[in-house]
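> So the sequence lines, in the order shown, correspond to chains A and B.
Its first residue numbered 1, the first sequence is counted upward by one per residue in my numbering.
Its first residue numbered 1, the second sequence is counted upward by one per residue in my numbering.
Watch out, some of these pointers could steer you wrong.
One copy or two, it doesn't matter: identical chains are merged, so the pair holds either way.
Straight line, CA to CA, 25 Å or less: simulated DSS-like cross-link-like pairs of lysine-lysine [stated by the list, open to error]:
#	residue 1	residue 2
1	251	210
2	109	210
3	27	210
4	5	109
5	109	217
6	217	27
7	27	5
Don't read these hints as lab results, they were simulated from the structure.
If you're wondering where the values come from, they're calculated on a predicted model, not measured in any experiment.
There are 2 protein chains.
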Amino acid sequence: MTDTKSRIAAYAARVEQYITEQLAAIKSRRGALATDDVFAAMHHSLSAGGKRIRPALIYAFCEACGGTPEMADAAACAMEMSHTASLIFDDLPSFDDDDLRRNQPSCHKAFGEATAILAGYGLICAPFEIIARDPHLSAEQKTALVQLLAECEGVNGMVGGQLMDKHFENRESVTLEELQTMCLGKTGALIQASCKMGCICGGGTDEQIKAAGNYGKSVGLAFQIIDDILDVTSTEEQLGKPIGSDAEENKFTFVNLLGIDQAKTTASAVSAQAHSELDCFPDAAFLHDMADTLLVRVQ
Amino acid sequence: MTDTKSRIAAYAARVEQYITEQLAAIKSRRGALATDDVFAAMHHSLSAGGKRIRPALIYAFCEACGGTPEMADAAACAMEMSHTASLIFDDLPSFDDDDLRRNQPSCHKAFGEATAILAGYGLICAPFEIIARDPHLSAEQKTALVQLLAECEGVNGMVGGQLMDKHFENRESVTLEELQTMCLGKTGALIQASCKMGCICGGGTDEQIKAAGNYGKSVGLAFQIIDDILDVTSTEEQLGKPIGSDAEENKFTFVNLLGIDQAKTTASAVSAQAHSELDCFPDAAFLHDMADTLLVRVQ
Numbered sequence: 001m002t003d004t005k006s007r008i009a010a011y012a013a014r015v016e017q018y019i020t021e022q023l024a025a026i027k028s029r030r031g032a033l034a035t036d037d038v039f040a041a042m043h044h045s046l047s048a049g050g051k052r053i054r055p056a057l058i059y060a061f062c063e064a065c066g067g068t069p070e071m072a073d074a075a076a077c078a079m080e081m082s083h084t085a086s087l088i089f090d091d092l093p094s095f096d097d098d099d100l101r102r103n104q105p106s107c108h109k110a111f112g113e114a115t116a117i118l119a120g121y122g123l124i125c126a127p128f129e130i131i132a133r134d135p136h137l138s139a140e141q142k143t144a145l146v147q148l149l150a151e152c153e154g155v156n157g158m159v160g161g162q163l164m165d166k167h168f169e170n171r172e173s174v175t176l177e178e179l180q181t182m183c184l185g186k187t188g189a190l191i192q193a194s195c196k197m198g199c200i201c202g203g204g205t206d207e208q209i210k211a212a213g214n215y216g217k218s219v220g221l222a223f224q225i226i227d228d229i230l231d232v233t234s235t236e237e238q239l240g241k242p243i244g245s246d247a248e249e250n251k252f253t254f255v256n257l258l259g260i261d262q263a264k265t266t267a268s269a270v271s272a273q274a275h276s277e278l279d280c281f282p283d284a285a286f287l288h289d290m291a292d293t294l295l296v297r298v299q
Numbered sequence: 001m002t003d004t005k006s007r008i009a010a011y012a013a014r015v016e017q018y019i020t021e022q023l024a025a026i027k028s029r030r031g032a033l034a035t036d037d038v039f040a041a042m043h044h045s046l047s048a049g050g051k052r053i054r055p056a057l058i059y060a061f062c063e064a065c066g067g068t069p070e071m072a073d074a075a076a077c078a079m080e081m082s083h084t085a086s087l088i089f090d091d092l093p094s095f096d097d098d099d100l101r102r103n104q105p106s107c108h109k110a111f112g113e114a115t116a117i118l119a120g121y122g123l124i125c126a127p128f129e130i131i132a133r134d135p136h137l138s139a140e141q142k143t144a145l146v147q148l149l150a151e152c153e154g155v156n157g158m159v160g161g162q163l164m165d166k167h168f169e170n171r172e173s174v175t176l177e178e179l180q181t182m183c184l185g186k187t188g189a190l191i192q193a194s195c196k197m198g199c200i201c202g203g204g205t206d207e208q209i210k211a212a213g214n215y216g217k218s219v220g221l222a223f224q225i226i227d228d229i230l231d232v233t234s235t236e237e238q239l240g241k242p243i244g245s246d247a248e249e250n251k252f253t254f255v256n257l258l259g260i261d262q263a264k265t266t267a268s269a270v271s272a273q274a275h276s277e278l279d280c281f282p283d284a285a286f287l288h289d290m291a292d293t294l295l296v297r298v299q
């Protein structure tokens with residue numbers, strides 16, 4: 001497991017370096033536009049840390065399909081930027097109204113709401129530019145990546161899940177199925193797409209792309225269940241945002257619906273399902289370990 | 001000029017039909033996600049009318065390069081969705097705080113701020129999905145379109161211009177050069193990209209793509225100058241939003257900096273420059289007329 005953690009850390013360092021380079025490249029093309037603070041806002045949110053799980057999944061599946069990390073850089077950077085954009089919007093007053101994100105002021109707290117929205121807007125668009133410009137991928141690979149990224153973020157993915165989550169605020173109760181649908185959109189869609197995008201970068205087969213999607217669907221669900229558990233069991237310092245903020249707003253979470261013990265059991269079961277999807281990859285040891293590592297967070 | 005107007009109207013009808021079909025296709029893929037109101041919000045903003053100038057430019061340049069309208073449908077729809085997303089954000093309380101858009105409640109007035117933001121988010125992502133899925137374009141064309149669209153919307157295009165515009169609110173004065181830079185981003189970038197995207201859809205040469213970009217840059221600037229003029233000379237009914245709303249907020253406009261007469265003269269001069277870019281197109285009559293039609297709005 002130590003090896004797994006250091007490999008995840010190495011992927012995180014790699015994507016952070018690549019993100020820095022891409023942001024600098026974009027800034028170098030801005031001409032006369034006076035946009036220092038929107039670049040500062042994007043940098044603020046991109047460099048606030050985080051586990052960089054989505055890029056790690058992209059690199060890992062790319063390598064599991066026989067690709068090199070260079071082939072996955074653009075997709076990994078694109079996905080982390082897209083994820084960061086979603087966090088900026090999620091923290092806004094009309095959504096979770098969070099002042100802190102990863103122990104730092106959320107983007108709108110640090111830069112004001114208009115600049116934060118524009119930074120988020122920029123971080124939705126930049127990934128498509130970065131994929132389109134990448135020298136390591138074919139036009140067919142780029143087209144497939146663009147489609148996956150747009151769909152996992154859009155109204156049938158993360159945005160749709162975010163909307164359902166917002167509606168839950170006005171509900172007396174939700175079913176477990178509704179909660180799952182919401183999570184598969186809000187947090188699961190990007191994780192599922194990351195796994196598939198990694199296979200596309202590495203030249204994987206259709207069978208591998210499909211299996212990666214199923215793995216990602218399970219891992220994404222387990223990941224969200226565990227986030228709900230951490231929200232009530234962590235300290236504010238560990239979590240990087242106020243503890244119990246979900247419970248406080250009377251949100252429906254897996255913990256609220258299932259209780260902590262059953263939530264942990266469900267996370268284990270869903271995680272086990274992820275393991276069963278990896279047979280079509282010649283070397284899946286790291287992908288097995290990643291699924292376990294996600295679960296270890298709560299033990 | 002009557003022919004020009006009816007051809008623009010025909011393009012508008014065509015893209016509106018295509019947008020309706022694409023929105024229905026996306027909705028049909030949503031699975032269990034309960035997202036009726038974000039689709040309603042997207043539809044509200046997309047169907048509020050407008051001149052559909054950007055799609056018309058895409059169709060016109062595609063045909064000027066020898067392409068068919070079918071080749072331009074995806075790009076035209078994508079651009080109009082992207083433009084509509086920018087209007088949703090532009091109307092938000094942290095930006096222009098407009099209650100009306102094209103004689104109808106702005107998206108956040110009709111659906112609330114969170115749903116409006118999510119509708120805008122969805123309308124930024126959907127265009128990339130639509131381009132990637134299009135059956136009429138090659139992967140190389142799709143990659144080029146994705147790059148152009150992402151860059152014209154992003155931090156070096158519309159978003160960057162929007163940020164500069166926002167900063168102008170706190171300024172004592174701005175130079176004509178700063179105002180032009182802001183406009184070339186905020187409104188010009190999408191118009192310029194539309195012209196280039198049309199050439200890409202129609203299989204145009206590099207020379208044609210470049211000329212189309214220059215034409216679009218001039219037309220976009222003329223278009224904004226004329227918008228500023230209309231803001232002070234139109235009735236609320238004609239304009240579809242409160243008259244003088246730009247002047248009221250003490251914004252810097254071409255009219256404020258130049259006066260109405262000089263602004264009209266400048267619009268004519270910039271428009272003339274657009275005409276001079278069209279020599280490399282075998283049949284550019286319609287493109288000449290379009291530049292004139294944009295100017296006729298204020299006569």
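> At most 25 Å between alpha carbons: which applies to residue 217 and residue 27, within, between, both or neither?
For residue 217 and residue 27, only the inter-copy Cα distance (21 Å) is at most 25 Å; the intra-copy one is 35 Å.
> For residue 27 vs residue 5, is the C-alpha pair at or below 25 Å within one copy, between two copies, both, or neither?
Neither: 33 Å inside a chain and 40 Å across chains, both beyond 25 Å.
> At most 25 Å between CA atoms: does that hold for residue 27 and residue 210 within a copy, between copies, both, or neither?
This pair counts as between: shortest inter-copy Cα distance 22 Å, intra-copy 37 Å.
> Up to 25 Å between alpha-carbons, please classify residue 5 paired with residue 109: within, between, both or neither.
neither (32 Å within a copy, 48 Å between copies)
> When no copy is specified for residue 251 and residue 210, does a C-alpha distance of 25 Å or less occur within a copy, between copies, both, or neither?
neither (32 Å within a copy, 53 Å between copies)
> Please sort residue 109 with residue 217 into within, between, both or neither, judging by C-alpha distance up to 25 Å.
neither (33 Å within a copy, 36 Å between copies)
> What label fits residue 109 with residue 210 when the C-alpha limit is 25 Å: within, between, both, or neither?
For residue 109 and residue 210, neither the intra-copy (40 Å) nor the inter-copy (42 Å) Cα distance is at most 25 Å.
The structure is inconsistent with the numbered hints 1, 2, 4, 5, 7, although it conforms to all the rest.
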